[in-house]
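Each residue of the sequence shown is one higher than the one before, counting from 299 in this note's numbering.
In short, the hints are calculated from the structure, not lab data. Incorrect hints may have been included.
[What the hints assert, rightly or not] Using C-beta positions, here's what the derived DEER-type ranges look like:
hint : residue 1 : residue 2 : range
1    : GLN455    : ARG367    : 21 to 29 Å
2    : TYR325    : GLU460    : 32 to 40 Å
3    : ARG317    : VAL448    : 14 to 22 Å
4    : SER307    : PRO440    : 15 to 23 Å
[What the hints assert, rightly or not] With a straight-line Cα cutoff of 25 Å, these simulated BS3-like cross-link-like pairs (lysine-lysine) come out:
hint : residue 1 : residue 2
5    : LYS313    : LYS434
6    : LYS313    : LYS419
7    : LYS313    : LYS375
8    : LYS434    : LYS419
9    : LYS375    : LYS419
Here a beta-carbon is modelled for each residue, glycine too, at the ideal position from N, C-alpha and C.
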Amino acid sequence: MPRQDQWESYFDPPKIMARLGLMESDYNLVEIGSGYGTFTIASATLVAGTVFAFDIEPEMLKTAAIRTRSLGLTNIKYIERDVIAYGTGLVDGSADYAMVFNILHTENPIDLLREARRNVKPSGKVGVMHWNYDPKTPRGPPMEIRPRPVDCVEWAQAAGLECGPQIDLPPYHYGFVMLPSIP
């Protein structure tokens, strides 16, 4: 990860979350890979429920928690956990929205999306964002593991999610709103 200030210069969290379908009426949220808390904190100021923020890196969680306390936010629960290996541990359908941002370059993207789907209610949404498939982007995973939009669509279908149209998130990202498929 780059320095926090550099990382956050790549995003306009409220605008991105709005474009990816997060609304004030969403109550509980799950974020897989919370990092510095860039989207965690922004989403916590929008919703009345709890934001369950998962990351595998304890230093990232510590940084995000310090920021959260300094802002007086009380509706974020930071959890150190390898979600790919162990899931979130949350009850099925316990969230209205799941954020899967800049993390699908993992070895098991379908499993990660399945876990996000398991966490959301049947009426819930999974927001996905990733780096453009373009070597000119200033950051992001190496091109050989960076997902293309078509990969995200295929993985979503394999995970039991219906993928909406691709959303351009300039200057460096694209995203999708995914809905649980009806069995």
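Checked hints:
1. GLN455 to ARG367: 21 to 29 Å: 40 Å Cβ-Cβ, so the 21 to 29 Å window is violated.
2. TYR325 to GLU460: 32 to 40 Å: violated, 22 Å
3. ARG317 to VAL448: 14 to 22 Å: Once the Cβ atoms are compared, 20 Å apart, the range 14 to 22 Å for VAL448 and ARG317 holds.
4. SER307 to PRO440: 15 to 23 Å: holds, 21 Å
5. LYS313 to LYS434: Holds - the C-alpha atoms of LYS434 and LYS313 are around 23 Å apart, at most 25 Å.
6. LYS313 to LYS419: Satisfied, since the Cα-Cα distance of roughly 24 Å is no more than 25 Å.
7. LYS313 to LYS375: holds, 23 Å
8. LYS434 to LYS419: violated, 38 Å
9. LYS375 to LYS419: holds, 19 Å
When the structure is compared with the earlier hints, violations turn up for hints 1, 2, 8 and for no others.
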